[in-house]
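Residues in the sequence shown are numbered consecutively from 959, following this note's numbering.
Misleading hints may appear alongside valid ones.
[Claimed, not checked] Heads up, simulated DSS-like pairs for lysine-lysine below, C-alpha to C-alpha not over 25 Å straight-line:
1) K967 <-> K1389
2) K1389 <-> K1401
3) K1128 <-> K1177
4) K1255 <-> K1302
Derived by calculation from the structure, the hints in this document are not laboratory data.
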Amino acid sequence: MAVLDFPGKREPLNKNQQSTLRCQFYPPLILLETLNDVCPRGSRRQPSDAPPSDHQSPEERFKTLVNKLAHICDYEPGGNTVSALAVIIQNGRLCYVLASNHRGTGAMRNARAGLQAVLDILKASVEKRTDDSDEVMAKRLMREILIWNNVRVRAYLTSLEKELKNCVGKCDTTEQGKSAKEELERLAAFLPDVRDGQKSDAYIEATMKCITEIQTSRKTRLPTWRYIEAAAVADDAMAKGGCWSALQHSAGRLLAYQYAVQTLVHASHLWAETDLFRDFDIETVRSSDSYPATALKFNRETVEDILNRTPNAGKAQKKAYRQHAAELQVYELNAKLEQQLADKREPIVHAEMLLHHWLSRTEGGTQPHRFFRGWQYIGTSKPICQLCKEYFAVISTPVLFRSGHPNTYLNWRLPDIYVENNDPVAVDHAKVEWNNTLVEMQKRIYTALVRVLQDKVSGKKPNDSNTYTDRITTGDPNYVANWLGQMRIDS
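Build the full structure now, drawing on both the sequences and the hints.
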């Protein structure tokens, strides 16, 4: 089945738009990232996925299900396969629509086939074509998912093996330290042997056993995991983290597959009488291309040059910003900025924005009647980034998303402009709308930049996941509360 394209003709960026990107939008974003890279920082650790909760409403359970399905579609390390998924009604049928950050046609076809295989297991169960118990179905699902995700799973297992060894060597001689060492050594014994072959029955069985042991350990060895958490918190003071944080991350990511399977099994009972696992289609949206190279050839400039363009700032404010920057030159900000500006950039439309844009541009748009049960939701394999959150706030979409994280990415860009019927009035209107969105995003980036600059000077940690969610604001004191209200989402 072919990937879905956007209706209409894609309009290329004109010279003014390219100039705006090159001179006004990306430089403050690059400076923001430079500040976060070169100055002391707080934690960027993201919380691990939570197991399914019996206290969720049906809508919350559905959102969790969509997130888990998107998660298992993100089967390679790196950002290319980060995925977004919506469940809509199209042509009178239920349809899963999948988008990814940067997958080609063949890769999207593979992702679709993998999702189909998982959904077919659930389909066979709800149609009573198998009499598998939940335990047997969970094992079939886990096997299918681990084989499909073998590249990413292997990366997590390799990291887990490395960090288990490192952490064992760092356990102290206290009673808690000794107990933690024993438990970590016990877990290491369950690591699969790569010599068995990553898709062999023995390797998959060993991986499943390893994940089960991690889950059991977390439930029954609470003092050990409190010890690990305390050590991970200490790691957070380090610029590059440490083995304890890495151990938690690897173990948590492996457990996420167990939680995904538990969610799928539960969903097969909750939604057994619907078409969710019975009569459905799967479609994929074509990933975006990058901007033309000419659009992102940045001029050489200094931190002060960028700060002097801060919107709605008077001379006194700009002078204060430059003074803050001068205090941080001990980190060689200008030299680092120059390196960043010289790097080649190939920004893409992130998966959740791509899927939202496709929905907006096709029949039915983002109206409730187009979504399963009227739940306007796009699930993602990872928490959405700060720029995506801001974009969705700017366009005031009614669609909800997974809760996000505070990171920004330099490979981020706005969706393309598509216009049908070669209507020049529609083209002009679409370009004005695109320009306005870009300007509003630029303002928010500058606001974040100024706040981070001030906090770096005062010794705060603007990247701490517990304190950074209010960094991009419009100056409205109610903005953060309203913003978080719009972006409420389950785990």
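How the hints compare with the structure:
1. K967 <-> K1389: Answer holds: K967 to K1389 is near 13 Å, not above 25 Å.
2. K1389 <-> K1401: Answer holds: K1389 to K1401 is near 18 Å, not above 25 Å.
3. K1128 <-> K1177: 23 Å, holds
4. K1255 <-> K1302: 8 Å, holds
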